[in-house]
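Colleague: Listed below are the residues making up each chain.
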Amino acid sequence: MSDTKEEKVYSYFLGCLTPNRYPGIEAATKKILKKFGIKVIEMEGASCCPAPGVFGSFDLVNWATLAARNISIAEKTGTNITMTCNGCYATLQEANHLLSHNKELRDIVNDNLKKINREWKGNIDVNHVIEILINDIGVERIRNSVIYPLTGIKVGVHYGCHFLKPSKVRGHGKAERPTILEEIVEALGAESVDYKDKPMCCGAGGGVRAFQKEVALDFTRDKILNMKEVECDCVMTPCAFCHFQFDAGQKELNAMYNTDEFNLPVIFLTQLIGFAVGLSPEEMGLDVQLTSVSPLLEKIAKIQSK
Amino acid sequence: MLLGAEILITREVIKNINPEFCDEFIEKAALIFGEEEAVKIRACIQCGTCVGGCPSARRTAYRTKKLFRLIQLGLKDDAITSEDLWLCTTCYTCQERCIRAISTTDFVRILRNIAFENNHATKPHLYVSNLLFKFGHAVPINDDIKKVRKKLGLLEIPPTTHTYPEALEEVNKMCEATGFKAKVRANEKAIEERSKGA
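These protein sequence lines map, in sequence, to chains X and W. Going by this note's numbering, the first residue of the first sequence is number 341, and it counts up by one from there. Going by this note's numbering, the first residue of the second sequence is number 19, and it counts up by one from there.
Simulated from the structure, these hints should not be mistaken for laboratory data. Since we're looking at a predicted model, the values are computed, not measured. It cannot be assumed that every hint is accurate.
Said to hold, decoys possible - For lysine-lysine, the following DSSO-like pairs were computed, each having C-alpha atoms within a straight-line distance of at most 30 Å:
hint, chain 1, residue 1, chain 2, residue 2
1, X, Lys639, W, Lys191
2, X, Lys371, W, Lys168
3, W, Lys164, X, Lys375
4, W, Lys165, X, Lys370
5, X, Lys416, X, Lys455
6, X, Lys553, W, Lys165
7, X, Lys348, W, Lys169
8, X, Lys371, W, Lys199
9, X, Lys455, W, Lys191
10, X, Lys379, X, Lys416
11, W, Lys164, X, Lys379
12, X, Lys553, W, Lys84
13, W, Lys168, X, Lys348
14, X, Lys375, W, Lys169
15, X, Lys553, W, Lys141
16, W, Lys58, X, Lys591
17, W, Lys84, X, Lys514
18, X, Lys514, W, Lys58
19, W, Lys191, X, Lys416
20, X, Lys443, W, Lys165
21, W, Lys141, X, Lys370
22, W, Lys152, X, Lys553
23, W, Lys214, X, Lys591
24, X, Lys536, W, Lys84
25, W, Lys152, X, Lys591
26, X, Lys553, X, Lys536
27, X, Lys508, W, Lys46
28, W, Lys199, X, Lys461
29, X, Lys416, W, Lys164
30, W, Lys152, X, Lys461
31, X, Lys455, W, Lys168
32, X, Lys538, W, Lys199
33, W, Lys191, X, Lys461
34, W, Lys168, X, Lys374
35, X, Lys455, W, Lys152
36, X, Lys508, W, Lys168
37, X, Lys371, W, Lys84
To be verified - Beyond 10 Å from chain X on every Cβ pair, some chain W residues (computed):
hint, residue
38, Pro37
39, Cys40
40, Val57
Yeah, the Cβ is synthetic: ideal placement off N, Cα and C, and Gly gets one too.
Work out the full structure: start from the sequences and follow the hints.
Modeller: Structural data, given as structure tokens:
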């Protein structure tokens, strides 16, 4: 199965939305990483990251303490952490960064962790699954592994906010005009289509979905309509929370506006790669999403039968 | 006539002033983001770049720069009781663009921490907090998803706090050690008292 020279190992931090709402993202990601020779191990007893805009907004010391507890689970195995949610990435990457730069905070957090016989040591990194795809696997290897090119599929790329921002902490360069995800999309043979307000937030973050769902959905409405305006076949995200907001949000928008126009299939980054390397929609859990992915599947089937 | 109205407004505002609030804010922000970042709250010149790029400001009354002015002026109550404070999605567009390099989004989180500490959280916020205490997850598993997981060949219940009760106990112990759980309970009580008053 594996087609690589050396095996890299990551701790897969599941978080909440990936395992508890979109296990298809978990399944597709594990299959894709395995295919490229990346081993993932489970983080037994991990909790919510905790959500950066929710629990970070309530009590940042508590947020940093729970994040450090999660990080300490992976530290025991000496493996870097990866994840499939920008929220989890934001929390674990930022907490790791703050704890390594701020002794006062580190002392408070480690004093707390001592009560459960844990310690944040600061000896591992936190990498979004995008970083594995780009740095460990590489766009060229992804391109060379394509069995079913997604020629003719128009993809609306949605980065989500927290992979790139705040750029000073994330360190992936400027956040205004990124190209990383577009390169992966094009390597699969699909077309990444620019749309109005492309970098805009999905609306769910910062506790806004929990606090005022109509406001969150108004963001989502704009994003979806802007992608439909340029005839995207799907929206692709690297974030389980954005994925949830687009998938569940479109169902909610249809009910809210008494319409059925919110019908844009929602695909996770590793699921789109999955199509190109021959995984079925069922083995990626796409048959159980709230917004049907059928229109995309039909178009892909048509392309692949040619 | 007009002059009189202006004086009235000024008096109203001055009554609520809390001159130490900006220092309190800086102290709180310094603990998390460091002193060098924290003092930049004084550097905001109300240029409005934050509001210009803010997707929330396009559709709501939320104004980032207004919150910062309230902090600078020591108008603590106005800053922490405004429901608008909770309309930032933390997208960081303003933080990327701030011409004074202020950690604007991080400061919104600090201000929310102060609001939470002063019992101005809302019911949905306390609801998700209780999910964390009960399950260790803000979004817990359900029976439908268990079936999907099984079909996909994954562990039916993820190997998280859902599987390990001792791990959930650790999460709760931490929430108690940091005082977070007590803050949630105090907020719940405050909401109950406010609803009685109303």
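Colleague: All hints are to be evaluated individually against the structure, with a verdict given for each.
Modeller: Hints, one by one, checked against the model:
no., hint, result
1, X:Lys639 / W:Lys191, "51 Å, violated"
2, X:Lys371 / W:Lys168, "15 Å, holds"
3, W:Lys164 / X:Lys375, "25 Å, holds"
4, W:Lys165 / X:Lys370, "18 Å, holds"
5, X:Lys416 / X:Lys455, "17 Å, holds"
6, X:Lys553 / W:Lys165, "28 Å, holds"
7, X:Lys348 / W:Lys169, "28 Å, holds"
8, X:Lys371 / W:Lys199, "39 Å, violated"
9, X:Lys455 / W:Lys191, "8 Å, holds"
10, X:Lys379 / X:Lys416, "17 Å, holds"
11, W:Lys164 / X:Lys379, "24 Å, holds"
12, X:Lys553 / W:Lys84, "23 Å, holds"
13, W:Lys168 / X:Lys348, "27 Å, holds"
14, X:Lys375 / W:Lys169, "20 Å, holds"
15, X:Lys553 / W:Lys141, "13 Å, holds"
16, W:Lys58 / X:Lys591, "42 Å, violated"
17, W:Lys84 / X:Lys514, "27 Å, holds"
18, X:Lys514 / W:Lys58, "22 Å, holds"
19, W:Lys191 / X:Lys416, "20 Å, holds"
20, X:Lys443 / W:Lys165, "45 Å, violated"
21, W:Lys141 / X:Lys370, "37 Å, violated"
22, W:Lys152 / X:Lys553, "23 Å, holds"
23, W:Lys214 / X:Lys591, "36 Å, violated"
24, X:Lys536 / W:Lys84, "28 Å, holds"
25, W:Lys152 / X:Lys591, "28 Å, holds"
26, X:Lys553 / X:Lys536, "23 Å, holds"
27, X:Lys508 / W:Lys46, "21 Å, holds"
28, W:Lys199 / X:Lys461, "26 Å, holds"
29, X:Lys416 / W:Lys164, "28 Å, holds"
30, W:Lys152 / X:Lys461, "28 Å, holds"
31, X:Lys455 / W:Lys168, "36 Å, violated"
32, X:Lys538 / W:Lys199, "39 Å, violated"
33, W:Lys191 / X:Lys461, "20 Å, holds"
34, W:Lys168 / X:Lys374, "19 Å, holds"
35, X:Lys455 / W:Lys152, "20 Å, holds"
36, X:Lys508 / W:Lys168, "41 Å, violated"
37, X:Lys371 / W:Lys84, "48 Å, violated"
38, Pro37, "25 Å, holds"
39, Cys40, "19 Å, holds"
40, Val57, "15 Å, holds"
The structure shown violates the earlier hints numbered 1, 8, 16, 20, 21, 23, 31, 32, 36 and 37.
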